Amino acid sequence: MKRSKAAVVGAAETTQLGVIPMSQVQLHADAALNAIRDAGLTVSDIDGIATAGETPESLAHYLGITPTWIDATGVGGCSFLMHVRHATAAIEAGLCRTVLITHGESGRSGIAAAGFPVPIRGSLLQQFETPYGTTGPATMFTVPVLRYLKKHGLGEDALAEVAVVQREWAAKNPRATFKNPISVDDVMNSRMISYPFRLLMCCLVTDGGGALIVTSADRAKDFSRPVYIVGTGESVETPMVSQMEDFTTSRAFRVSGREAFKSAGITHADVNHLMIYDAFAHLPLYGLEDLGFCKPGEAAAFIRERNTAPGGKLPMNTNGGGLSYMHSGMYGMYALQESVRQVRGIAAAQVPDVNISVAHGVGGMFAASSTIVFSKNAS
Amino acid sequence: MKDQTRPLPVPTPETAHFWEGTRHGELRLQRCTHCAHAYFPPRPFCPKCSSAEIETFVASGRASLYSYVISHRPIPGFEAPYAIAVVELKEGPRMMTNIVDCAQTPEALSLDMPLEVAFAKQNEEITLPLFKPLGV
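Protein chains in written order, with my numbering: chain A, 83 to 461; chain B, 223 to 358.
For the record, the hints were derived by calculation from the structure and aren't laboratory data. Since this is a predicted model, take the numbers as computed values, not measurements. Note that CB positions come from ideal geometry on N, CA and C, so glycine has one too. Among the hints, erroneous ones may be present.
[To be verified] Partial selection, computed: residues in chain A whose CB lies under 7 Å from chain B: (1) R85; (2) E211; (3) P213; (4) Y214; (5) T217; (6) L228; (7) F329.
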């Protein structure tokens, strides 16, 4: 493993998840203040900010921060993983010392929320996808999967099994929205949303937020429970799901994952814990294959054989994921939070001896991706 | 399918030829005269080699069903359940569309089935390229 340049020294979610009587910017602030407290710092220690959903200026003004470095990368749900990558580079370059990364989203209550972005009139997306009846992620993100299932000779139950295993993890997590066990039949009998996706193959929708504090690896030694950032990756492909190069694999996933593993200097066998952003049940299948944990077409069997389940060799989405834990709209922050908790050893469904955790995110409909490798050790 | 109130495309200078084509019953694609790459959606240069030496040509209108979902959520302009499909044109590029003259069921919509373009006039300016099973 290569030597880490930066570390997470503070991490927290909003005090509540679910339906929260707060505006969206207050969700950011609630998570930010929790994370700053977790690091043992004060707001005046923050000199860099990165956020998406809200603007950096609204965050800075609301919290009373005067930053010398900002990042407003906003490519959907994996923006916060990219913020971790960019913050690492900025700290190494000496542009700032202590970065606050925030997410907050009134996904359920809609209080002062930006909402799902409406395509720009005349954009290629608006001209060549919107006229055909797309109504948001459930009818866009899902479009490639029939081609994937056909290529690999898989049935719809491959999607159902993803949801079932993640509910097993959620059952161990008191903060999870849905904790009752479900069977493949339960998933296959749930209401059809967008064939072949049924209700229990789609993420739930809640309010919530999360924040991270990132500083240099050298300085991190002075904090309790630092989680080192040892590898990062990012890429984009296309804002139009219809124009993906290949419907059975995501180029953005592959490029981001490869960069993250290469920069960390690790192999797949080194990974003790994995988070793959699961807005819909097919994403863990694509993620396991595109990150190289499984060969093309083998992720469904890998999950069915309980490798990612409690007690399996590669515990995945151990908070219950977007399917059962929570999903505010841009879920990436919660994948990061669970990776940090697992490396710190304080997760609700704690995996024994996590040294290396990988968090993998997606933005838009396979439009963007970012991957972060965390470790308990700096090198 | 009720087409009166579905969201309609807003053409731009780079896409005007495409929408002019559909108005005239033509599916116009672009091709690089430098590297021969045929591409969609429209732009005035080749997305593969960046050459501005490109030409517009009329595609065959033949395609096959590449992938789809069937949305069960009712929205204006559509009668749920309806399929949102991606077709692969004979010339190579893929495009999102709807499948008409065909039941909107998994049984009727089989991947790789042959299709042909079916132009659906929405108003004086906009005609959408929808697709139907070949020979129907």
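| query | Hint by hint, which ones does this structure get wrong, listed from lowest number up? | reply | Result: hint 1 breaks, nothing else.
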